[in-house]
Amino acid sequence: MHVNRREFLRKSICAALGGASLYSALGNLRLVQAATNQTLFSDYKALVCIFLYGGNDSLNTLVPTSGIPLTNYKSLRGGLAQTTGLHALTPLAGGGASDSANYALHPGMPELATLFNSGKAAVVANVGTLLYPTSQLQFQNGSIAVPPQLLSHNDQQSQWQTSRPDDASANGWGGRVADLLHSGNSGQIPMSVSVSGTNLFQRGSIVNQYGVDPSGVTAMNYLGDGSETWIIGDGPIDDDVTAYNALIASGTQSNVLERAFADVNSRAITNYQLVTAALQSAPTLTTQFPNTDLGNQLAMVAKLISVRSALGMSRQVFFVSTGNYDTHSDQIENQQDNLSELSQAVSAFYNATTEPALNVANNVTTFTASDFGRSLQANSSGTDHGWGGHHFVVGGAVRGQRFYGTMPSLASNKNPDDTGYGQIIPTLAVDQYAATLATWFGVASGDLATVFPNLGRFSSANLGFV
Amino acid sequence: MRSGSGMGVHRRIAFALTFAVVATTRVFASLSHFPDAMFHDGMEGAAAGPFTDADAARFIAQATFGATTADIAHLRQIGYTAWLNEQFAAMPSTEVSYLDWVRTGGQDYINDDARLEIWAANAAGTGDPSRSGFPANARNDQLRQRVAFALSEIFVVSNSNGTLAYEPWCLASYDELLADDAFVNYRTLLEDVTRHPAMGIFLSSIQNMKADAAANTHPDQNYAREVMQLFSVGLVQLNLDGTPSAGDAPTYSQATVEGFAAVFTGWDWDDPRCQDAYENCGPSTDDDPIWRLPMQPVDAFHDDTSDKQLLNYTGVALAGGLLAHGGNTQTELTQALDNVFHHPNVGPFVATRLIRRLVTSNPTPAYVSRVATIFNDDRSAQHVRGNLRAVVQAILLDPEARYGQWQNPTVFGKLREPIVKLVHLWRSMNATSVSGRVNGLTPYPPIEEQIGEAPLRSPTVFNFFVPNYQQSGEVLSRGLFSPEFQILTDSLAVATPNLLYHQVFCNYTGSEDCYGSDDDGTLQIAAPADASLAMSNPSALIDKYNLLFMSGQMSPFMKSILLNRLNAITDGNRGASTGTFRVQHALYLILNSPEYSVQK
Chain F
1 MHVNRREFLR
11 KSICAALGGA
21 SLYSALGNLR
31 LVQAATNQTL
41 FSDYKALVCI
51 FLYGGNDSLN
61 TLVPTSGIPL
71 TNYKSLRGGL
81 AQTTGLHALT
91 PLAGGGASDS
101 ANYALHPGMP
111 ELATLFNSGK
121 AAVVANVGTL
131 LYPTSQLQFQ
141 NGSIAVPPQL
151 LSHNDQQSQW
161 QTSRPDDASA
171 NGWGGRVADL
181 LHSGNSGQIP
191 MSVSVSGTNL
201 FQRGSIVNQY
211 GVDPSGVTAM
221 NYLGDGSETW
231 IIGDGPIDDD
241 VTAYNALIAS
251 GTQSNVLERA
261 FADVNSRAIT
271 NYQLVTAALQ
281 SAPTLTTQFP
291 NTDLGNQLAM
301 VAKLISVRSA
311 LGMSRQVFFV
321 STGNYDTHSD
331 QIENQQDNLS
341 ELSQAVSAFY
351 NATTEPALNV
361 ANNVTTFTAS
371 DFGRSLQANS
381 SGTDHGWGGH
391 HFVVGGAVRG
401 QRFYGTMPSL
411 ASNKNPDDTG
421 YGQIIPTLAV
431 DQYAATLATW
441 FGVASGDLAT
451 VFPNLGRFSS
461 ANLGFV
Chain S
467 MRSGSGMGVH
477 RRIAFALTFA
487 VVATTRVFAS
497 LSHFPDAMFH
507 DGMEGAAAGP
517 FTDADAARFI
527 AQATFGATTA
537 DIAHLRQIGY
547 TAWLNEQFAA
557 MPSTEVSYLD
567 WVRTGGQDYI
577 NDDARLEIWA
587 ANAAGTGDPS
597 RSGFPANARN
607 DQLRQRVAFA
617 LSEIFVVSNS
627 NGTLAYEPWC
637 LASYDELLAD
647 DAFVNYRTLL
657 EDVTRHPAMG
667 IFLSSIQNMK
677 ADAAANTHPD
687 QNYAREVMQL
697 FSVGLVQLNL
707 DGTPSAGDAP
717 TYSQATVEGF
727 AAVFTGWDWD
737 DPRCQDAYEN
747 CGPSTDDDPI
757 WRLPMQPVDA
767 FHDDTSDKQL
777 LNYTGVALAG
787 GLLAHGGNTQ
797 TELTQALDNV
807 FHHPNVGPFV
817 ATRLIRRLVT
827 SNPTPAYVSR
837 VATIFNDDRS
847 AQHVRGNLRA
857 VVQAILLDPE
867 ARYGQWQNPT
877 VFGKLREPIV
887 KLVHLWRSMN
897 ATSVSGRVNG
907 LTPYPPIEEQ
917 IGEAPLRSPT
927 VFNFFVPNYQ
937 QSGEVLSRGL
947 FSPEFQILTD
957 SLAVATPNLL
967 YHQVFCNYTG
977 SEDCYGSDDD
987 GTLQIAAPAD
997 ASLAMSNPSA
1007 LIDKYNLLFM
1017 SGQMSPFMKS
1027 ILLNRLNAIT
1037 DGNRGASTGT
1047 FRVQHALYLI
1057 LNSPEYSVQK
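Those protein sequences? They're chains F and S, same order as listed.
For the first sequence, this note's numbering begins at 1 and goes up steadily by one.
For the second sequence, this note's numbering begins at 467 and goes up steadily by one.
Do not take every clue at face value.
[As the list claims (entries may be wrong)] In silico DSSO-like cross-links for lysine-lysine, where the CA-CA straight-line distance does not exceed 30 Å:
#1 F:K74 / F:K414
#2 S:K676 / F:K414
#3 S:K1025 / S:K1010
#4 S:K676 / F:K74
[What the hints assert, rightly or not] Only part of the chain F face toward chain S is listed, based on derived beta-carbon distances under 10 Å:
#5 Y53
#6 G54
#7 S75
#8 G204
#9 N208
#10 V212
#11 A260
#12 E333
#13 A378
#14 S380
#15 Q423
Hints are computed from structural coordinates only; laboratory data are not their basis.
Remember, it's a predicted structure, so these values are computed and weren't measured experimentally.
Even glycine gets a Cβ: it sits at the ideal position worked out from N, Cα and C.
Let the sequences and hints guide you as you build the complete structure.
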């Protein structure tokens, strides 16, 4: 069995690399080597990335409620400051914020505050894209390399998703983890599943990402298994299937874009057939998910986790996302909507993992990511692009009810964490945040440097939050 | 019909034979997956021609939403240059009058779907029922509509914005702006876009407040950043051929963003009340004309005290790119947009993006360089910079556009966008609706969720896909780009064929097959018109669609697959409508085939 799986794996790697350049094949050799040595996992673990597109204003998400940080915050943010209706966080002894101030969550986030206060969620402070630990002096005198295109949405999204600001062609770190570990699954669908379209986070060299809709899996009418198949006749339509499959047969087309198009189509068909079959046995969950974009996406993730055995999956990386976080204007209203949606959806998802039908509360870790934090200083009704920001990790395995990392200063003048243009210089790198999650997920310490080549530049490879 | 010139027939045949030998060595199966080689190679000069119907169809595929038999005949009759001149002169289609007409017709609540309907009618050329002469009143401005759609994917505004979602008149007016400006000067387009309220709302530059020390606020930087990053110069300095300059030197810094943010203060609705009320004024109804009028300066709310760092580059007019304070709202905007316009990046930036939208995802640097050169100087007596008409002409008549399918057959081309596929079907199959409305675009869920895109419905200012997206696998490992693949998700790889399936199998002339098939507003394709040909000579039917949809580039392999499929559909299947059923299968298989899906 095991030998056969390796045999299959080598074939699939060759198929995945077919047509790839020599350079790229060599570049992936270590991952390939590690992957073929992976034994099947006996337990289940899932990572769920929630990407907040646009750049969340985490300074108004997690706000100080005491001491100098509060004074600074009010004078910094003025009319935009959140000072009422907040949900207090009560950290464990020794787990409080580094500046010893009290903190609370935005008025729209009571559910996430409850998760934190019950030990199921943690705050990771001031994470961002970095090449090296960077001080204000180093940033301002240009003596250290910093990520290119700071403050640009798409570049910073990419760098968060790859953790490789120094390599524009890098795969996503979720994809790299999947390349390394996917052979520990017995099932045939990709380890990486997106419920929110194509993303760089899950792009790997070996493992493709499979995309499903929040509403479920759609089947193809022309191939005889879609909801409108009846229009061309009932029952299997052999001639149609034969013709269509001949046209999209892998590798037969003369143009590289045609081959890529054919590959997506044939893969999509194979995967929807596998997933559709598995979902037949999905148990009914009692958790009521909010009927929001994110709520529906996470409901689908829960559903897919519920059929993990039928799919043969013991390690999965999920990607969900939501947008409208680029709050240049009308931030008060927009962030209320955004953060309520986030808090309610995350809470429902956590609750679903505790249901007996799933029973994976300690096996699923959810984390947030975003383009960047936002500017210290506001404009008339919102905030502009920033750099470092605070993030949340949620799940039964999380060492929760704690703050990790260093809170930045919110001083309006002579702020030691300010680039000089109003952005906070991160004190934790995405590499550290990601490596901590990857280590929990099963990446061996010896493989960390392969997946995160810049990790060794930072003081800690494991932030300890999970 | 034009006769071939420039290159002797025997020489063309010799070249074709050479090509055929090369092609044969790559054949795996008994039938080639390459299209048949044709009898010329481009040495005639790219502006000559078209010499064949296939050449004509291919040009039309790049320049419009798709060929009709009549288009092909007309282009062959008058030639590329005359055709382009006709198109440059064509009166633009409109959208606003359609919304007014829908309301006058008794539909009180009008959402963005109505705007999408008239966009589709204009793109497909099915006529505008709000103007006299419907249905035969389509303005033949196909090139303008196609370029305007391309521009809408660069100068992005979207109904994903919470305000614009409910303002179809505003977005219709923006569509009209792009069509009106498709062939003007880029500088004019840039200012029109900057001042349109749709952009003002989408990137929050309308009613932008200057810095306020007491409140500790600064001007909104949203438009300032994106106008540079996405509409004009991009992030890094470029060579004329579009490649990054040595060291990826950045084009601007955060100081530049702050400088432009201060410039873009003091712009408001075209309403006298705004002079005092500034952030507390605006339109009262959804068809209030100020949704469509350029924003106007309000000097009292413009930052007139700070010096502003603009773009700094070799040859910049302002010393160091620094705009000294003292100007007013309009003069500073003029100077700032001039500063952007004259940056050397703009030519290669615009050239690369428009080539990718119309012709190929992977243009050679030489192609980009030739088009950028025309952007920089249109070679007229006036030596105009930024002449978009000349740029569009340069893109379409470039040797690489005309002959890239032979020069680099395994790489040349672009994935057809799903919305373009849909309009192509309507256009080439002479779709009509009784009332002139277009129900097919307004189902639930919204069309953009079914096929990944719809005009002015991008999720963000970064468009549905970014120009440098690289599909995982062979595309990525070869260092190629494939922008449209970003929306070809596994879900849409099923949903888009299903939507096309519904259009093909449900909505044809006389159909009552599906719910809504026979509605007055349903666009029905003229599939039955080809039914008898499909029965008597299915091979000829395939040839016809090969020309209309694939510019004659269908491989012998694909032809055999289609012919086998059609021959297997016999009288027993559908009785009297068996011919139509054959037509439908041919269309479905073509529209979803890899060979058609890549426009080459």
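Hint check: is the beta carbon of S75 (chain F) less than 10 Å from a beta carbon of chain S?
-> holds, 7 Å
Is K676 (chain S) close enough to K74 (chain F), meaning Cα to Cα at most 30 Å?
-> Measuring from Cα to Cα gives roughly 21 Å; hence the hint holds.
Take a quick look at whether K676 (chain S) and K414 (chain F) sit within 30 Å of each other, Cα to Cα.
-> Between K676 (chain S) and K414 (chain F) the Cα gap is close to 23 Å, so the pair holds against 30 Å.
Cut-off 10 Å, beta-carbon criterion: hint that A260 (chain F) touches chain S = holds, 5 Å
Would the hint on N208 (chain F) stand, with a C-beta cut-off of 10 Å toward chain S?
-> holds, 6 Å
Chain S contact restraint for Y53 (chain F) - C-beta distance below 10 Å = Holds, because the Cβ-Cβ distance from Y53 (chain F) to chain S comes to roughly 7 Å (cut-off 10 Å).
Hinted pair K74 (chain F) and K414 (chain F), Cα distance within 30 Å | holds, 16 Å
Under 10 Å, Cβ to Cβ, is where Q423 (chain F) needs to be relative to chain S, so tell me if that hint holds or is violated.
-> Holds, about 8 Å.
Could you check if G54 (chain F) really has its C-beta closer than 10 Å to a C-beta on chain S?
-> holds, 7 Å
For the hint on S380 (chain F), does the least C-beta distance to chain S fall short of 10 Å?
-> holds, 4 Å
Proposed proximity, K1010 (chain S) with K1025 (chain S) (alpha carbon, max 30 Å) = holds, 12 Å
Go through the hint on A378 (chain F) and say holds or violated, using the shortest Cβ distance to chain S against 10 Å.
-> holds, 5 Å
When the structure is compared with the earlier hints, no violation turns up for any of them.
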